[in-house]
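J.: Protein chains in written order, with the numbering used here: chain A, 22 to 451; chain B, 43 to 498.
Hints listed in this document are in silico derivations from the structure and should not be mistaken for laboratory results. Since this is a predicted model, take the numbers as computed values, not measurements. A few of these clues could be false.
What the hints assert, rightly or not - In silico contact screen, one side only, chain B against chain A (beta carbon under 8 Å); selected entries:
1) 150
2) 180
3) 374
4) 408
5) 415
6) 453
7) 467
8) 493
Using N, Cα and C, we set each Cβ at its ideal position, and we do this for glycine too.
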Amino acid sequence: MRSGRKCRTILAALALLLARLAVAQSTPAVHNEVLIKNAVIMTASHGTIANGSVYIKDGKIAAVGENVTAPATATVLDVGGRYLTPGLIDSHSHSALGDDINEATSPVTPHMRMLDAFDYRAKDIYRSLAGGVTTSLLLHGSANMIGGQAIVIKHKYGESRDDMLFPGAPRSIKFASGENPKRTYGGRHQLPSTRMGNFAVQRAALVEAQDYMRDWDAYNEKVKVGKDAKPPKRDLKLEALADVLRGKFLVQIHCYRADELLNEMAMAKEFGYKVRAFHHALEAYKVADELAAQGVAIATFSDWWGYKQEAWDAIPWNAVLSLRKGVRVAIKSDSDNFARRLNQEAAKTVRYGGATEEEALRMITLNPAWIIGVEDRVGSIDVGKDADLVIWEGQPLSSYGVPDKVLIDGEVYFDRSLPGYGMPRYKEGQ
Amino acid sequence: MKPLAAFSRQLAEKNRRFTIALLAPMILFAAAGAQNVPVALQGGKLLTVSHGVIENGVLVMQNGKITAVGGAGTAIPAGAQVVDVSGMTVYPGLIDSETSLGLTEISLEPSTNDLLEPSENIMPNMDVADAFHAESALIPVTRMNGITNAVVAPASGDTLPGQDAFIQLAGKSAPQMLLVRDLAMPLNFTGEQRRSEGDSRKFPSTRMGVAAELRQALIEAQEYAQKWARYQRKKAQAATAKPAAKKSKGGDDDDDAPEPPKRDLRLEAMQPYLRGEKPVVLAVNEANDLETAVRVANEFHLKFVLNHLSHTQAVLDEVARLHVPVIVGPIYDEPRADERYDTVYRLPAELHQRGVKIAFASYDAHNARNLPYAAGYAVAWGLPYEAALRAVTLDAAEIWGMGDRLGSLDLGKDANVAVANGDPLDVKTDVKRVFIQGEEIPMRSRQTGLRDEYMK
Numbered sequence: 022m023r024s025g026r027k028c029r030t031i032l033a034a035l036a037l038l039l040a041r042l043a044v045a046q047s048t049p050a051v052h053n054e055v056l057i058k059n060a061v062i063m064t065a066s067h068g069t070i071a072n073g074s075v076y077i078k079d080g081k082i083a084a085v086g087e088n089v090t091a092p093a094t095a096t097v098l099d100v101g102g103r104y105l106t107p108g109l110i111d112s113h114s115h116s117a118l119g120d121d122i123n124e125a126t127s128p129v130t131p132h133m134r135m136l137d138a139f140d141y142r143a144k145d146i147y148r149s150l151a152g153g154v155t156t157s158l159l160l161h162g163s164a165n166m167i168g169g170q171a172i173v174i175k176h177k178y179g180e181s182r183d184d185m186l187f188p189g190a191p192r193s194i195k196f197a198s199g200e201n202p203k204r205t206y207g208g209r210h211q212l213p214s215t216r217m218g219n220f221a222v223q224r225a226a227l228v229e230a231q232d233y234m235r236d237w238d239a240y241n242e243k244v245k246v247g248k249d250a251k252p253p254k255r256d257l258k259l260e261a262l263a264d265v266l267r268g269k270f271l272v273q274i275h276c277y278r279a280d281e282l283l284n285e286m287a288m289a290k291e292f293g294y295k296v297r298a299f300h301h302a303l304e305a306y307k308v309a310d311e312l313a314a315q316g317v318a319i320a321t322f323s324d325w326w327g328y329k330q331e332a333w334d335a336i337p338w339n340a341v342l343s344l345r346k347g348v349r350v351a352i353k354s355d356s357d358n359f360a361r362r363l364n365q366e367a368a369k370t371v372r373y374g375g376a377t378e379e380e381a382l383r384m385i386t387l388n389p390a391w392i393i394g395v396e397d398r399v400g401s402i403d404v405g406k407d408a409d410l411v412i413w414e415g416q417p418l419s420s421y422g423v424p425d426k427v428l429i430d431g432e433v434y435f436d437r438s439l440p441g442y443g444m445p446r447y448k449e450g451q
Numbered sequence: 043m044k045p046l047a048a049f050s051r052q053l054a055e056k057n058r059r060f061t062i063a064l065l066a067p068m069i070l071f072a073a074a075g076a077q078n079v080p081v082a083l084q085g086g087k088l089l090t091v092s093h094g095v096i097e098n099g100v101l102v103m104q105n106g107k108i109t110a111v112g113g114a115g116t117a118i119p120a121g122a123q124v125v126d127v128s129g130m131t132v133y134p135g136l137i138d139s140e141t142s143l144g145l146t147e148i149s150l151e152p153s154t155n156d157l158l159e160p161s162e163n164i165m166p167n168m169d170v171a172d173a174f175h176a177e178s179a180l181i182p183v184t185r186m187n188g189i190t191n192a193v194v195a196p197a198s199g200d201t202l203p204g205q206d207a208f209i210q211l212a213g214k215s216a217p218q219m220l221l222v223r224d225l226a227m228p229l230n231f232t233g234e235q236r237r238s239e240g241d242s243r244k245f246p247s248t249r250m251g252v253a254a255e256l257r258q259a260l261i262e263a264q265e266y267a268q269k270w271a272r273y274q275r276k277k278a279q280a281a282t283a284k285p286a287a288k289k290s291k292g293g294d295d296d297d298d299a300p301e302p303p304k305r306d307l308r309l310e311a312m313q314p315y316l317r318g319e320k321p322v323v324l325a326v327n328e329a330n331d332l333e334t335a336v337r338v339a340n341e342f343h344l345k346f347v348l349n350h351l352s353h354t355q356a357v358l359d360e361v362a363r364l365h366v367p368v369i370v371g372p373i374y375d376e377p378r379a380d381e382r383y384d385t386v387y388r389l390p391a392e393l394h395q396r397g398v399k400i401a402f403a404s405y406d407a408h409n410a411r412n413l414p415y416a417a418g419y420a421v422a423w424g425l426p427y428e429a430a431l432r433a434v435t436l437d438a439a440e441i442w443g444m445g446d447r448l449g450s451l452d453l454g455k456d457a458n459v460a461v462a463n464g465d466p467l468d469v470k471t472d473v474k475r476v477f478i479q480g481e482e483i484p485m486r487s488r489q490t491g492l493r494d495e496y497m498k
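Generate coordinates for the entire structure from the input sequences, incorporating the hints supplied.
T.: Here it is as structure tokens:
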């Protein structure tokens with residue numbers, strides 16, 4: 022036991038050393054120890070500190086409060102009364118996926134991995150970083166009832182692809198419903214072209230996955246007891262769906278209408294998986310009690326409406342009405358454009374329904390962090406969390422707030438005072 | 043093909059929806075007509091736009107006009123309805139310099155859209171006033187955010203898609219809401235006019251094609267004018283020659299009367315613009331397109347306003363030298379890959395710095411209510427606040443020839459006034475009251491109806 026622990030300690034130290042070396046290689050001469058002082062700190066978790074400091078050590082928030090002591094070695098960033106918030110989190114993005122958002126050749130494609138399309142050099146990532154976004158969930162589109170496997174990125178623009186992936190983030194999978202699948206396939210005279218077609222396709226795929234899972238469970242059982250057994254044929258599509266049934270994915274469902282929100286929850290119950298969040302969810306306010314009872318979050322727009330029939334009953338009070346009924350609410354972009362000013366979108370919930378500024382801020386920090394499953398790592402200014410922070414010029418929850426500097430893991434990745442792109446860690450043609 | 047049953051069901055559904063949408067404004071203006079009882083807004087912070095800010099001010103509206111504006115001591119007429127607006131901000135109704143209000147209901151449902159005739163590229167006789175749907179559910183949603191007037195334009199898919207109208211966002215019918223038909227004529231050079239999409243490449247598929255087609259149309263319109271002028275001249279000559287001819291022939295046949303030219307509605311529609319009586323609106327994004335558009339406009343001595351200019355940073359000094367106003371709504375347009383992230387955000391400030399008069403547009407219908415936030419965001423990127431406010435009020439009114447009626451809190455102007463609980467350009471601010479021609483608009487829309495129904 023003892024020796025085991027010792028061994029683990031040595032291994033951990035070695036890993037840390039290797040990690041340090043790796044960091045040293047990619048970012049030479051950076052000593053990650055920063056004290057941000059004279060800030061109005063909106064923590065997102067425990068109110069606002071009118072004049073406070075944050076001490077960052079090794080990329081994590083080591084201390085936060087009115088009186089914070091830091092070693093003299095720390096780089097001091099006196100922000101002169103500017104606002105400090107957690108890095109913004111976008112729980113619904115298709116950035117950096119180019120034209121590879123929808124594999125719209127079959128309504129069931131759970132084996133698609135967005136990592137295979139992720140263009141980590143795409144400027145979208147830089148522009149939303151400059152808008153304060155530090156973490157995004159990059160999702161498959163909504164052409165298919167069951168889309169593909171998402172990735173979670175940190176907007177460390179200028180780093181290598183793998184350094185931009187959020188380490189250890191849980192896996193999410195995208196489902197969809199309503200008009201988009203039926204328009205995509207109905208337009209080609211294929212199944213599904215109706216909502217009953219949509220759900221029939223989804224149910225059939227899940228039934229198939231149940232069979233597949235049973236075959237593999239039986240095989241594994243036989244192997245376990247030493248029986249000779251022939252492994253079933255692997256099928257990437259059903260393997261992914263079996264993982265949905267096993268609860269190994271956070272299920273993110275694109276869904277607009279109230280009846281479909283209920284249908285999707287009933288389907289999840291029927292097959293024994295959980296819905297993490299409904300995306301768009303413009304009619305959530307009609308069934309907010311049911312969503313709250315099931316613990317399903319929503320990632321919605323602040324005020325988009327009328328762009329299609331299923332967005333006709335959208336109202337800008339959706340976010341706050343749902344929040345007041347106990348639903349966890351995120352405001353997301355679903356747009357490279359809106360990802361550049363999520364703060365303004367969140368601020369609209371103050372105007373429509375009277376969210377407090379902290380509630381509004383949570384809709385673009387802590388709540389989307391929960392939807393993505395990284396709420397213990399990011400989304401608020403708390404000790405132990407990643408030092409993903411935004412220093413603002415102007416009040417962030419207003420028309421006038423724009424990011425001045427953005428830090429990820431304690432490093433400055435965006436600084437508007439710099440010439441060119443304002444990117445200390447990025448070079449064109451790099 | 044849709045099955046007939048499904049189609050008629052859809053139609054019924056839509057009728058039901060439109061009936062609901064229709065009821066709200068009907069109730070409002072059932073007793074419309076001149077606003078007789080004077081209304082006095084007392085105690086608010088007045089953003090006059092034309093002559094500064096008046097704290098604790100008084101604004102009086104009567105018969106649809108502003109009849110008094112001033113400090114706390116301003117006389118309130120006897121019998122006036124006095125509204126306490128202390129703690130509130132009072133400002134002129136906002137003007138959106140390009141929308142598709144009244145031309146669309148649900149973007150993806152073609153039966154609810156009258157945005158563009160795409161069959162041809164030059165369609166000057168398409169008049170949005172003919173399609174304008176006064177009962178659109180989008181209009182109450184928009185005016186509740188303090189927007190009282192707007193330019194309605196056809197979509198930009200054609201080089202010359204038709205003619206714009208200027209509306210006010212209240213009235214019981216389209217004629218009441220359409221303050222100016224044929225306000226201006228858009229000329230678009232933004233790319234989608236080049237018919238190079240799809241299998242069959244159609245003319246024009248290049249920039250030179252777009253310019254050549256437009257030139258040809260403008261020349262035809264000039265020739266058409268000459269043809270009519272010739273006819274009018276001959277007719278006048280015939281009329282003076284007639285008495286003599288009558289006498290000599292002793293008959294009354296009109297054989298010598300000149301034949302009028304055949305009417306052509308396309309060419310007819312372009313005449314006021316060729317005469318410089320009304321502005322064309324040149325929409326361009328790139329510097330080279332700007333140069334082409336201005337060259338064509340100057341060849342025909344057109345009076346013009348510029349629109350968009352999203353990626354023209356390199357030539358802004360030249361833009362300033364044109365001494366024409368610019369519609370700069372698209373501060374939300376994304377920059378090009380080689381542009382800094384804030385390039386387009388800073389455009390309104392850059393133009394203002396060079397002395398260019400600007401106005402904001404939403405270029406939208408559903409999201410037109412967000413117009414004030416675009417102006418506010420431009421302030422965050424360096425535009426002085428007063429200039430931003432003017433760009434959605436007085437400067438916009440002046441650009442559209444409505445400066446004597448709209449855009450500021452001044453005596454004699456239309457009583458289009460909004461009252462909000464704070465800065466009108468801030469996204470957090472709630473608009474509390476809106477008056478259009480002195481009539482108070484109930485703060486109700488299809489959306490508040492749904493909110494109230496489900497809040498119970």
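J.: Could you check the structure against the hints above and give me the numbers of any it violates, in ascending order?
T.: 6
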